[in-house]
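Residue numbers (this note's numbering), protein chains in the order written: chain Z, 206 to 714; chain B, 206 to 714.
Hints in this document: simulated from the structure, not taken from any laboratory.
Warning: the hint list may mix true and false statements.
Calculated pairs, DSSO-like style, for lysine-lysine (alpha carbon to alpha carbon, straight line, at most 30 Å) [as the list claims (entries may be wrong)]:
#	chain 1	residue 1	chain 2	residue 2
1	B	LYS401	Z	LYS360
2	Z	LYS543	B	LYS401
3	B	LYS432	B	LYS360
4	Z	LYS323	B	LYS360
There are 2 protein chains.
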Amino acid sequence: MAGGRANNSSANANRKKKEVKKETGLGLSAKKDDNFGEWYSEVVISGELIEYYDISGCYILRPWTMSIWEVMQGFFDAEIKKMNIKNCYFPLFVSPGVLQKEKDHIEGFAPEVAWVTKSGQSDLEVPIAIRPTSETVMYPYYSKWIRGHRDLPLKLNQWCNVVRWEFSNPTPFIRSREFLWQEGHTAFSTKEEADKEVLEILELYRCIYEEYLAIPVIKGKKSEHEKFAGGLYTTSVEAFIPNTGRGVQGATSHCLGQNFAKMFEINFENEKGEKAMVWQNSWAYSTRTIGVMVMVHGDDKGLVLPPKVAAVQVIVIPVPYKDADTERILEVCKATAKTLTESGFRAEADFRDNYSPGWKYSHWEMKGVPLRIEIGPKDLANEQVRAVRRDNSAKVDIPMVSLVEQVKDLLANIQQSLFDAAKQKRDACIQVVKTWDEFTEALSHKKLILAPWCNEEEVEKDVKARTKGEIGAAKTLCSPFDQPALDEGTLCFASGKPAKKWTYWGRSY
Amino acid sequence: MAGGRANNSSANANRKKKEVKKETGLGLSAKKDDNFGEWYSEVVISGELIEYYDISGCYILRPWTMSIWEVMQGFFDAEIKKMNIKNCYFPLFVSPGVLQKEKDHIEGFAPEVAWVTKSGQSDLEVPIAIRPTSETVMYPYYSKWIRGHRDLPLKLNQWCNVVRWEFSNPTPFIRSREFLWQEGHTAFSTKEEADKEVLEILELYRCIYEEYLAIPVIKGKKSEHEKFAGGLYTTSVEAFIPNTGRGVQGATSHCLGQNFAKMFEINFENEKGEKAMVWQNSWAYSTRTIGVMVMVHGDDKGLVLPPKVAAVQVIVIPVPYKDADTERILEVCKATAKTLTESGFRAEADFRDNYSPGWKYSHWEMKGVPLRIEIGPKDLANEQVRAVRRDNSAKVDIPMVSLVEQVKDLLANIQQSLFDAAKQKRDACIQVVKTWDEFTEALSHKKLILAPWCNEEEVEKDVKARTKGEIGAAKTLCSPFDQPALDEGTLCFASGKPAKKWTYWGRSY
Chain Z
206 MAGGRANNSS
216 ANANRKKKEV
226 KKETGLGLSA
236 KKDDNFGEWY
246 SEVVISGELI
256 EYYDISGCYI
266 LRPWTMSIWE
276 VMQGFFDAEI
286 KKMNIKNCYF
296 PLFVSPGVLQ
306 KEKDHIEGFA
316 PEVAWVTKSG
326 QSDLEVPIAI
336 RPTSETVMYP
346 YYSKWIRGHR
356 DLPLKLNQWC
366 NVVRWEFSNP
376 TPFIRSREFL
386 WQEGHTAFST
396 KEEADKEVLE
406 ILELYRCIYE
416 EYLAIPVIKG
426 KKSEHEKFAG
436 GLYTTSVEAF
446 IPNTGRGVQG
456 ATSHCLGQNF
466 AKMFEINFEN
476 EKGEKAMVWQ
486 NSWAYSTRTI
496 GVMVMVHGDD
506 KGLVLPPKVA
516 AVQVIVIPVP
526 YKDADTERIL
536 EVCKATAKTL
546 TESGFRAEAD
556 FRDNYSPGWK
566 YSHWEMKGVP
576 LRIEIGPKDL
586 ANEQVRAVRR
596 DNSAKVDIPM
606 VSLVEQVKDL
616 LANIQQSLFD
626 AAKQKRDACI
636 QVVKTWDEFT
646 EALSHKKLIL
656 APWCNEEEVE
666 KDVKARTKGE
676 IGAAKTLCSP
686 FDQPALDEGT
696 LCFASGKPAK
706 KWTYWGRSY
Chain B
206 MAGGRANNSS
216 ANANRKKKEV
226 KKETGLGLSA
236 KKDDNFGEWY
246 SEVVISGELI
256 EYYDISGCYI
266 LRPWTMSIWE
276 VMQGFFDAEI
286 KKMNIKNCYF
296 PLFVSPGVLQ
306 KEKDHIEGFA
316 PEVAWVTKSG
326 QSDLEVPIAI
336 RPTSETVMYP
346 YYSKWIRGHR
356 DLPLKLNQWC
366 NVVRWEFSNP
376 TPFIRSREFL
386 WQEGHTAFST
396 KEEADKEVLE
406 ILELYRCIYE
416 EYLAIPVIKG
426 KKSEHEKFAG
436 GLYTTSVEAF
446 IPNTGRGVQG
456 ATSHCLGQNF
466 AKMFEINFEN
476 EKGEKAMVWQ
486 NSWAYSTRTI
496 GVMVMVHGDD
506 KGLVLPPKVA
516 AVQVIVIPVP
526 YKDADTERIL
536 EVCKATAKTL
546 TESGFRAEAD
556 FRDNYSPGWK
566 YSHWEMKGVP
576 LRIEIGPKDL
586 ANEQVRAVRR
596 DNSAKVDIPM
606 VSLVEQVKDL
616 LANIQQSLFD
626 AAKQKRDACI
636 QVVKTWDEFT
646 EALSHKKLIL
656 APWCNEEEVE
666 KDVKARTKGE
676 IGAAKTLCSP
686 FDQPALDEGT
696 LCFASGKPAK
706 KWTYWGRSY
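When you get a sec, could you build the whole thing from the sequences and use the hints?
This is the structure:
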């Protein structure tokens with residue numbers, strides 16, 4: 206595949222030398238497999254996704270991040286609009302009375318709520334909370350707007366920032382005090398409609414992870430202990446980071462049941478003229494998605510972006526030589542980028558004359574651009590370009606005449622390969638256990654553990670307590686919708702009671 | 206134009222009767238010309254743009270608002286991307302040290318800053334401010350990112366919420382404690398580049414007002430007294446509300462000069478290898494735009510939306526009769542909406558069976574939908590539809606065969622008519638004055654006053670002081686770029702000194 210010029214050209218040897226010479230200062234100092242935490246902190250900075258900020262737990266999202274976010278936003282926003290879900294914007298601020306209306310809910314969020322108490326030099330009469338999520342912000346108005354069955358379903362979404370003033374280990378994207386997300390809040394006449402939407406939204410979240418970010422996820426239901434505070438049940442897509450052996454809750458789609466409806470008096474007159482209570486859902490995904498992408502695909506050269514979300518899918522780099530027709534090379538690079546752009550790819554050429562080609566290779570590898578195209582004198586002579594894949598470094602010479610179709614195929618192939626490789630690694634971490642000893646053994650090997658469980662909350666708490674250590678306790682991630690057969694007589698790995706279902710366990714972010 | 210069925214059909218008479226009967230409860234109680242403030246508060250609620258919130262000065266932006274915002278956002282975001290301006294996202298929170306770095310700037314904003322002092326039950330070590338605008342949030346990082354001339358220009362934008370805890374007269378969209386906006390922040394090597402961009406962005410703001418919102422604006426420069434705190438000069442687009450005789454600063458594009466660069470040490474090595482300071486701009490428009498649109502176009506029946514920003518451009522309403530083929534009418538309505546949607550219009554049909562056609566007319570008039578299409582038995586028989594314009598109530602029968610092209614023409618015509626009508630009204634309010642007496646007389650008649658001015662800050666302050674009254678003082682709105690000839694010897698209307706330029710004066714929001 207790599208064409209026939211690998212060993213036979215002195216020009217190539219020169220090129221190689223030059224690269225090495227100029228590559229200094231661009232690499233990561235930590236290796237992903239040796240010191241994952243350090244590697245992650247470095248790669249989000251060097252890949253220009255994030256800049257650290259002078260308030261702990263807050264991060265600057267740079268353009269390279271925002272372009273990824275906007276691609277996902279474009280997809281998701283269009284999909285929910287097809288479902289007739291409308292965008293709205295509710296205030297950032299919540300009054301304390303409303304915030305505290307749902308007891309379980311506020312218990313879950315209270316420690317993390319940031320409070321505004323002053324404006325200018327004056328104290329406010331009452332402190333005002335900043336939304337950690339908007340259930341309590343929105344639902345008093347649902348109560349006002351919903352009168353009869355014809356006002357249902359009411360389906361709203363908002364794209365906004367939320368604040369959770371956490372004190373444990375801030376991590377860019379994964380755990381930050383302010384983050385961007387969408388939050389959908391819907392109300393229905395019947396539980397059936399709510400149940401159906403929960404899964405429709407969850408499927409969109411699966412798409413974001415699997416089809417855009419090329420990350421395999423498990424769809425399932427959270428345990429009673431892990432479900433959304435105040436809700437009826439929570440579904441999620443769960444990702445896994447092999448390097449740390451930790452699960453990540455990728456996005457959640459909650460059925461809130463009628464609990465909030467009761468607290469906020471969201472009633473309606475049904476078709477029979479009787480008073481009834483609505484059934485509600487809420488669902489969200491956040492910029493956390495981007496952190497998971499970095500963790501799953503990144504390598505020791507930097508970020509690796511799936512083509513579908515990359516701001517730049519193809520970077521064209523001129524490789525001029527002393528005696529070569531530099532002007533012509535630049536022209537062809539420009540034309541190549543133009544052809545690709547006009548064919549619908551996100552392509553750019555890097556014409557900066559103060560950097561060597563080798564420096565540029567490293568730079569764009571660090572930023573994770575899926576495909577690099579190099580054009581030098583030999584390529585001109587052969588009417589070809591050289592394409593180099595970011596994911597596996599494979600090189601291929603592409604005849605100019607078939608540029609567009611081969612780039613298209615390559616990008617599709619990269620997208621699929623990233624998913625396949627991630628899935629293979631993830632699957633290799635899954636371990637089925639049936640006993641407590643197998644469980645602790647698997648946990649010590651950073652496995653994603655699938656175990657038969659009695660489904661009792663006390664047992665989950667007990668597992669948490671028994672596995673508590675420096676690097677965190679094990680907990681349930683989800684009970685997958687796709688349940689393996691549970692043989693009769695199977696016992697819970699932890700309690701020895703009859704098992705009710707298979708559940709994924711592990712440490713998590 | 207209205208076709209031949211105005212007076213000759215008993216079906217029509219019935220229709221009329223029915224409408225009146227069911228229209229109760231939908232109208233506005235205040236008239237725009239009688240009690241503008243009341244009318245405005247009512248129309249933003251009844252038109253379903255806004256819901257009042259339990260924290261004063263905060264408002265819920267409902268889907269009808271967000272769809273308008275998203276249209277403008279789509280336009281502006283695409284245009285700035287063409288200019289190679291990249292989106293980013295900086296934190297909501299600012300540390301006090303950074304916030305206070307630029308003295309003039311913080312003086313301008315300090316009284317309105319909201320402070321977070323607590324999280325959960327704990328006091329924060331240092332209070333943290335919520336961004337009123339992001340100059341001081343961003344520029345420490347500009348200083349870090351900008352090293353050499355090749356790092357310039359640096360051109361970033363963000364779509365976000367900001368908070369200004371104002372105490373004077375909160376008004377939906379126009380003056381709210383939290384609002385949505387975009388803020389662009391750019392840095393250049395030279396003043397020339399900065400100057401050029403200021404005007405390019407101002408032209409985009411003109412487009413938003415004139416071409417999207419159908420509102421005439423005046424481009425010009427703010428006075429020293431009214432310019433952005435800490436900046437070099439401010440340009441703006443100024444709109445005018447004839448009913449209140451108040452100007453509205455529509456959007457601003459500031460050249461910050463090198464003032465912030467000095468404070469935040471944003472230096473670079475220029476092409477000659479010398480240390481130099483960047484030139485900066487910042488520019489913003491906000492959800493205020495939507496308030497101006499409501500004020501300018503709305504009438505006693507409700508909102509009037511320009512077609513280009515309306516979520517629904519055409520509403521199709523079935524007008525069934527007792528003896529008519531209702532099923533066929535509904536089918537044709539559905540097909541009509543479908544044809545229009547497929548032709549790229551935002552069209553919907555209202556099939557609700559618990560509302561009369563007349564109620565629906567009023568409902569969609571309240572919401573400001575530009576064009577209504579009614580389809581009844583007679584329309585079926587004649588293979589036509591009846592179209593009714595929101596802006597001037599004109600009715601026209603459109604043969605089904607030319608539906609798409611006539612709707613296209615009608616919407617274009619409505620867009621233009623709204624602009625023309627608004628411009629005519631605005632222009633009728635402009636009054637040229639040359640003396641103090643003429644000035645106070647014009648002010649009492651709610652005019653938009655164009656006067657020769659000596660351009661001295663003390664004189665402006667003096668005018669403010671002398672016109673201070675219950676309904677607010679007069680101030681400069683802008684000095685229009687489009688300057689009428691200033692005859693030699695012309696004196697300032699207020700100071701009697703030689704006039705330097707023509708300037709617009711008035712009360713303002």
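Going down the list of hints, with the structure as the test:
1. Among the hinted pairs, LYS401(B) with LYS360(Z) is inconsistent with the structure: their alpha-carbon atoms are about 44 Å apart, more than 30 Å.
2. The suggested pairing of LYS543(Z) with LYS401(B) holds, with an alpha-carbon distance near 27 Å, which does not exceed 30 Å.
3. Between the alpha carbons of LYS432(B) and LYS360(B) the distance comes to roughly 22 Å, so the proposed pair stays at or under 30 Å and holds.
4. The suggested pairing of LYS323(Z) with LYS360(B) is violated, with an alpha-carbon distance near 33 Å, which exceeds 30 Å.
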